[in-house]
Amino acid sequence: MNYRFKVEPSLCTGCRTCELACAFSHSKNQKPGLSRIYPLAHAKEKYVPVTCLQCDDPACVKSCFFDALRRNEETGAVELNLERCVKCMACVASCPFGCALFDDVHDEVVKCDLCKGDPACAHFCPTKALKYVRIL
Amino acid sequence: MVHISINGKVVKATEGEMLLTVIRRQGIDVPALCHHEAVEPTGNCRLCMVEITREDWKGWKRHVTSCLYPVEDGLIVSTHTPEVMEIRKTILDLQLARSPEAEIIQKMAEEYGIYKTSYDIVPDADNCIMCYACTRICEVLGRSAISAVMRGHRKVIAPPFGEEPADCIGCLSCAQICPTDVIPWTDENGRRTIWKKKFDLIACKKCGKTTITREFAEFLMEKRSIPGEYFNLCDTCKRHELAEKMGGIVVAALEVTL
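Protein chains in written order, with the numbering used here: chain H, 414 to 549; chain S, 439 to 696.
Incorrect hints may appear among the rest.
With the C-beta cut set under 7 Å, the calculated list includes, among others, these residues of chain S facing chain H [what the hints assert, rightly or not]:
#, residue
1, E475
2, S585
3, V587
4, Q614
5, I650
6, R677
7, L680
8, A681
9, M684
Heads up, simulated DSBU-like pairs for lysine-lysine below, C-alpha to C-alpha not over 35 Å straight-line [unchecked claim]:
#, chain 1, residue 1, chain 2, residue 2
10, H, K544, H, K500
11, S, K683, H, K529
12, S, K554, S, K450
13, S, K647, H, K444
14, H, K444, S, K554
These are calculated hints, taken from the structure and not from any lab test. Every residue gets a Cβ at the ideal spot worked out from N, C-alpha and C, and that includes glycine.
With the hints as extra help, turn the sequences into a complete structure.
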């Protein structure tokens, strides 16, 4: 769990390459998935990429009655087990940051899983505003 | 850790796991209708039947529902023997006579080469296959708002006395888990209707998007101590709020450094 996203909002141009990388790396049945990361404007032409913060005491995990959300101790990501998910939307409504989403195309709940410890979005960021780095 | 052989391949499994979970993890397609990882297995649909044997059984074998059979060391499992296929075919044939309109059963039956049931179709056929997935998931939530009522061929899944279920919180888990999509529900004008009970959906204070019912939110607040203010906004608006908060921190930090 020593790796974290490092966001440098002054470098983010809002190009949405991270969104594309996320959607395509989570493709299913030849269809891109819903992006788990969004560069959102906080002021005019100023962007900040927003994604799951992998909280220490996550509301999504607490709200799930079916034990579908669990922390992967290796990567530190809270991962969703789709086999156990019944799409009751408890996590979507409970997340205080709105980072658990419902994908209408694939009819499933999605959230950032840190791509098993190697996030595609950070790889594709052209300005290096988004990095996945080791923290002390 | 136990070792079992599935179709000739030796695989590892954890003690206490059910056979179907292990088989599916190997990417082998064994059909099942009533199975869901979130609920206790009950073996109601009988479709996940497999053949098991052991070396010390001296050639004897058994057909078991894999969703209900815990793994044990030295088990030899075959998932697609001619006998197993014949059993599944018969079950699908019968299911098709009971629920001829259910798309998932039609699709499964076609995979097994059945396009029309060879039995007489049940006169009052509906899509409910009595798999109890809905009642089991309601039990997991601790509500048990619905259950099976009546006996024999008149048995149906219904709320107590056919009235509005007092314990229902409108979470839609039963409708979502139903393999044949038989539980009717609607979301209209900020109101949800399921089991003839009407619920108020919580509308986002900014954009008006609805996600869950007020009763379900209250249930989450009470049982899982989720703060009530988390339900005020929809997920999109909450993300925008987070972006603004993070942006505010960035601007403040810039001012300090300059």
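Here's how the hints hold up against the structure:
no. : hint            : result
1   : E475            : holds (4 Å)
2   : S585            : violated (18 Å)
3   : V587            : violated (23 Å)
4   : Q614            : holds (5 Å)
5   : I650            : holds (4 Å)
6   : R677            : holds (4 Å)
7   : L680            : holds (5 Å)
8   : A681            : holds (4 Å)
9   : M684            : holds (5 Å)
10  : H:K544 / H:K500 : holds (31 Å)
11  : S:K683 / H:K529 : holds (28 Å)
12  : S:K554 / S:K450 : violated (40 Å)
13  : S:K647 / H:K444 : holds (26 Å)
14  : H:K444 / S:K554 : holds (33 Å)
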